[in-house]
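Colleague: Sequence order for the protein chains is P and S. If you count by the numbering used here, then the first sequence holds residues 1 to 450, one letter each, in order. If you count by the numbering used here, then the second sequence holds residues 1 to 579, one letter each, in order.
Any given hint might turn out to be false.
[What the hints assert, rightly or not] Chain S residues, not near chain P, derived (Cβ > 12 Å throughout):
hint, residue
1, Lys32
2, Leu53
3, Thr153
4, Pro287
5, Val288
6, Pro322
7, Met325
8, Phe329
9, Val361
10, Pro381
11, Arg457
12, Ile459
13, Ala503
[Claimed, not checked] Lysine to any residue pairs mimicking SDA-like chemistry, simulated, CA-CA at most 20 Å apart:
hint, chain 1, residue 1, chain 2, residue 2
14, S, Lys32, S, Glu509
15, P, Lys82, S, Thr129
16, S, Lys191, S, Ser528
17, P, Lys80, S, Phe420
18, S, Lys32, S, Pro354
19, P, Lys80, S, Glu509
20, S, Lys32, S, Ile113
21, P, Lys80, S, Phe526
22, S, Lys32, S, Phe353
23, P, Lys82, S, Lys546
24, S, Lys546, P, Val68
25, S, Lys32, S, Arg348
26, P, Lys82, S, Lys32
27, S, Lys32, S, Phe420
28, P, Lys82, S, His524
29, P, Lys82, S, Leu547
30, P, Lys80, S, Asp527
Source of the hints: derived by calculation from the structure; they are not laboratory data. Because the structure is a prediction, the values reported are computed rather than measured. Note that beta-carbon positions come from the ideal geometry of N, C-alpha and C, so glycine has one too.
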Amino acid sequence: MRAYVRLWRTRIGRLSLIMGVAALALLAFSGLANAQVALPEAVTEQGDSIRALYFVVLAIGVIVFVIVEAMIIWVVFRYKRKSDDELPTQVAHNTTAEILWTGIPLVIVVVLFVVSFFVLQDIQAAADEDEDVTIVDVQGRQWAWAFNYGVPLGTELAEGISPDPAETEIHLKDPSLVVPFMTIKIGIEHMRVVARTGDVVTVDRAVNGTVPIRHAAGSPIERVFNGTDTVAEGRLQAADNTPIVTVPVGQMIRFNIASADVLHAFYTPQFLTKLDAVPGRVQTLWVRITDAGDFMSQCAEFCGRDHARMIYTVRALPEGEYNSWFEEKAGEAPAPIEGDFGGEEEAEQEEGAVGNAANGQSLFFEMGCNVCHGDRGEGLVGPTIAMTVVPLDRVITQYREPLEAMTAFPPDQVSDEEIADIYAWLQTVPRPPDADVIPSKLAALIEAGG
Amino acid sequence: MATLAGAQTSSYAGANAWRVILEWLTTVDHKKIGIMYLWTAGAFGLVGMAFSLVMRTELAQTGTIISAETYNSIFTMHGSVMIFLFLLPIGAAFMNYSMPLQIGALDMAFPRINALSFWIFLFGGVLITLSFAAEGGTASAGWTAYPPVTLDTGNNAEPPGAGMDMWLVGVILLGQASIFGSVNFLVTIFKMRAPGMTMWRLPLFTWTTLVTGLLILLSTPVLAAALVLGFIDRNGAGGAFFDPAAGGQPLLWQNLFWFYSHPAVYIMILPAMGIVSDVFGVFTRRPVFGYRSMVLALIAIGLLGFIVWAHHMFTTGGVFLPFFMGATFLIAVPTGVKMFNWIATMWRGSNIFPTAMLFSVGFLMLFLIGGITGVFHAAVPVDFALHDTYFVVGHFHYTMSIAATFGFLAGCYYWFPKMFGKFMNEGLGKLHFWLVFIGVNLIFFTQLLLGLDGMPRRINDYVDNPGWELMNMLTTIGAFVSAAGMMVFLYNVFYSLKWGERAGSDPWEGTTLEWATTSPPPAHNFDSLPEIRSERPLFDLRFGEKLQDDPHYHVNNGHNGNGRGGGAKAPTASTREEA
């Protein structure tokens, strides 16, 4: 121990040696690690601006670091006490120096502020009014992502709505682009679609005035992923088994970011940006992608147990490829349901499910579905589910991983077949002609059809 | 009581031990309370470090060793313990111990409240730690506890259990202890200064105590309010403050939380800055350069600290970005002033480098990196890229965690002889310094690189992007190297308490009043005080005469009271009153 203490008490050289070795070791390790000392290459226009700003800050930072660090090391090694009675200068201030080292940093931060401010304006800019825009509704949930692909901003999907809340309905130009439970935007209000009949969509919240729909989400929810999908052979994967959001290169993309439960954050490292998904808010992130490719992304705001597994991939396709992909997807959307709300037959035809309506009825009460949805599926706390137009596979997903407040039912409690039975029975139960729950025109349609 | 009586009759030594224990349990002496804070905070610090080792072991490679729930609980407790139970109280430890000595006071203004605040702190700390035994485990939503993941909203898949409530109540208690403490510090500094100790003669550590006290007093009630609202929300009393499903606003919590927790960053770092300022003043034999600009910079940091809270929320989409960006950039200016003043203090100094000084220089180097990486976050667009990645983890550890800890370790080595009358071992001290200095840079510089490459924080497992596994392994190695350094420190503390070299009342040629009394000081602190005519009365005593012809050396003559230009020369050795 004593020899060691002696060793450490010697010479400046030993200190510098150690610091040198430490610095070399750090550098070597960094080299080995193939470490990035810069942000990733940006694949968006906005990201390019951010990256440029990063290099401005980095350059200033490195210069300041080198100068100040050199000053520290210099005063440490240069000014050592030489004798016990040495008394150094007692200079205690220097107005010029103090003004300089207040003023120069002030100028630097003012410059940085101005540059950052303009970059911020630039990256937050929305698309031009006459520009084609791709809209993607993003919903973070514990612990998965749902992506709802949009149609270009400005596409008129419907003619308008009635000023009377009870009469709220939208006449669709192309019903295939609308699915139940999606959010459409009218003016500045968001409305949630609860049901659809032919060319009429009913919504659960009314907006006064007749406003052309400027934007609506399009094809069905691509896929709702479970966090566990991102694990293979016990390791997290960022490959094909993660949720994929497909977007075009070159077009302005508007991500409408929302959350179903707690805070999440939409974060694609190669976009060099992120935006929190805050429950109760819909936030907008504008990007224009410049490079095609698959970009690994993941939730960046702590959201509970499987936060680390909320991985997804942004797949940017050249515009032509994107368009054919989108058409294919739009084709998969459930076909519009015509006026006839015919029971089992219809359901079977639609979903290929063979449901036993009688068994379904008893299951409905056994499992206590009636507690929330009413004895005839008319809706109490839960929504109306009699004669639901939601496709069976989506209903099964709803049992397994419920949206909204419903209890989850794992397969050991209720099998897919049993759900099909319940579904079949629900298709036989007429919706109550209650104007409070269902807008009158739809009710009239139901009566006419059923 | 029966046990006590039994002990008293059984043996004299036993009775004596009981008396010592009782004395510590009932003490209102600021020095004893300070030492209790020191031991308690130190113990919590080791616990927090153990948590960090668990995290680093989990993250060393991809794949998982412990469950996600356990990891979330551990990282939450690491942050909570380190911030609320280590960094904040260890600042309070030194402020309690040294500040009254530095201003020549007999004790704190309210000694009993001082004791109360320690015991509330301890109770709150124990409550938070005990939450490991709660059903559902500890709080597990990070030390920031952002709702709604902390709430049972009906949508939240796994709402935390009673541990979260224990955390909320524990932190309320800690906040209460802080508020009591801050009032005590402020009144003590304003009302208990020795004759001649004007505001412009306060040692810089005392100035940092004053500004820290103000920050605590003005910000902690806001945190307390947020915690109470959170508790109401969680316990079904119909609050709906933060629950979006019930019409609440989750971002409200973030605003309230950071209105406290940003100033809290300064509450942690300012005392450390005060310690290194004093250390530089002693081991360079120079006045701390730009004393007044140091004080003004301190006040400016404190004021700006209140208008930058939303820079923690740039990516929430819920704040006015340009204002908070500008205010955040501005903080670089007073921080830069302090940095340059410290360097200028060593410039042309007669510098020696005992361990306390090494840690102070280490503080400068770490804080420099922390400050510069802070500018990256201040630039909002760059923050969009770096927020919630390991870059921010590296940044805040460089500043408020590791730099602050280096300041406090400097304080340990510096004041240990005063507290216990013995030196800490210098050889072990230097080994400690180098292990920790290399270790923490390995951890946190690597984390900066990981963050640039896009690795998010608070994840228990990661996709093996190129280099991530290797860089994470380096970080883990750094964590264990630092931990080894801290073990050396722990050994040094006990070694020095037992076998440490005896230190006199003023072993370092100190400049401030705590060195004018015995080590350890008597209960009443001072038998007599030297004349106070500058911010370093003991330096004036020791060197005043020798420096009489130095045109730059001034002490105040007591009438112009404000400055450096005062004409009087130093007191002579005959006025020196030392035991």
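Colleague: Next, verify each hint and record whether it holds.
Modeller: Evaluation of the provided hints:
1. At roughly 32 Å, the least C-beta separation between S:Lys32 and chain P is larger than 12 Å, which holds for a residue marked as non-interface.
2. Annotated as non-interface, S:Leu53 keeps its C-beta farther than 12 Å from every C-beta of chain P; the closest such distance is 19 Å.
3. For S:Thr153, the condition that its CB be more than 12 Å from all CB atoms of chain P is violated, with the nearest at approximately 7 Å.
4. Look at S:Pro287: its CB is around 4 Å from the nearest CB on chain P, not clear of 12 Å, so calling it non-interface is violated.
5. Not every beta carbon of chain P lies more than 12 Å from that of S:Val288, the smallest distance being close to 8 Å; the non-interface claim is violated.
6. Some Cβ of chain P comes within 12 Å of the Cβ of S:Pro322; the nearest lies about 6 Å off, and the non-interface call is violated.
7. With a minimum CB-CB distance of about 6 Å to chain P, S:Met325 fails to clear the 12 Å threshold, and the non-interface call is violated.
8. Interface exclusion of S:Phe329 from chain P breaks down, the closest Cβ pair being 4 Å apart, not more than 12 Å.
9. The Cβ of S:Val361 does not lie farther than 12 Å from every Cβ of chain P; its closest approach is about 6 Å, which violates its non-interface assignment.
10. Here S:Pro381 does not stay apart from chain P, with its beta-carbon only about 5 Å from theirs, under the 12 Å limit.
11. At roughly 8 Å, the least C-beta separation between S:Arg457 and chain P is not larger than 12 Å, which violates its mark as non-interface.
12. Separation of S:Ile459 from chain P is inadequate, the least Cβ-Cβ distance of about 4 Å not exceeding the 12 Å criterion.
13. The claim that S:Ala503 is not at the interface with chain P holds, since no C-beta of that chain comes within 12 Å of its own (minimum 17 Å).
14. Proposed proximity of S:Lys32 and S:Glu509 is contradicted: the alpha carbons are some 24 Å apart, above 20 Å.
15. Our distance criterion of 20 Å between C-alpha atoms is broken by P:Lys82 and S:Thr129, whose separation comes to about 50 Å.
16. Between the alpha carbons of S:Lys191 and S:Ser528 the distance comes to roughly 19 Å, so the proposed pair stays at or under 20 Å and holds.
17. Restraint check for P:Lys80 and S:Phe420: not satisfied, since their Cα atoms lie roughly 29 Å apart, outside the 20 Å limit.
18. Taken as a hint, the S:Lys32 and S:Pro354 pair is broken in the structure, with Cα atoms around 26 Å apart against an allowance of 20 Å.
19. For the hint pairing P:Lys80 with S:Glu509, the CA-to-CA distance comes to about 16 Å; that is within 20 Å, so the pair holds.
20. About 14 Å separates the Cα atoms of S:Lys32 and S:Ile113, which keeps this hinted pair within 20 Å; it holds.
21. Distance check on the hinted pair: P:Lys80 and S:Phe526 sit about 34 Å apart at the alpha-carbon level, beyond 20 Å; violated.
22. Pair hint S:Lys32 plus S:Phe353 does not hold up; C-alpha atoms about 29 Å apart against a cutoff of 20 Å.
23. Distance hint between P:Lys82 and S:Lys546 is fulfilled; the C-alpha atoms sit about 18 Å from each other, no more than 20 Å.
24. About 33 Å separates the Cα atoms of S:Lys546 and P:Val68, which puts this hinted pair outside 20 Å; it is violated.
25. As the CA atoms of S:Lys32 and S:Arg348 are separated by approximately 38 Å, the hinted pair breaks the 20 Å bound.
26. A C-alpha spacing of about 38 Å is found between P:Lys82 and S:Lys32, which places the hinted pair above 20 Å, so the restraint is violated.
27. A C-alpha spacing of about 11 Å is found between S:Lys32 and S:Phe420, which places the hinted pair at or below 20 Å, so the restraint holds.
28. Proximity of P:Lys82 to S:His524 is assessed by CA-CA distance (about 38 Å); at most 20 Å being required, the pair is judged violated.
29. Straight-line distance between C-alpha atoms of P:Lys82 and S:Leu547 comes to about 18 Å, which keeps the hinted pair within the 20 Å bound.
30. A hinted pair counts as satisfied when its Cα atoms are at most 20 Å apart, and P:Lys80 with S:Asp527 does not qualify at roughly 35 Å.
Comparing the model with each numbered hint stated earlier shows that hints 3, 4, 5, 6, 7, 8, 9, 10, 11, 12, 14, 15, 17, 18, 21, 22, 24, 25, 26, 28, 30 do not hold.
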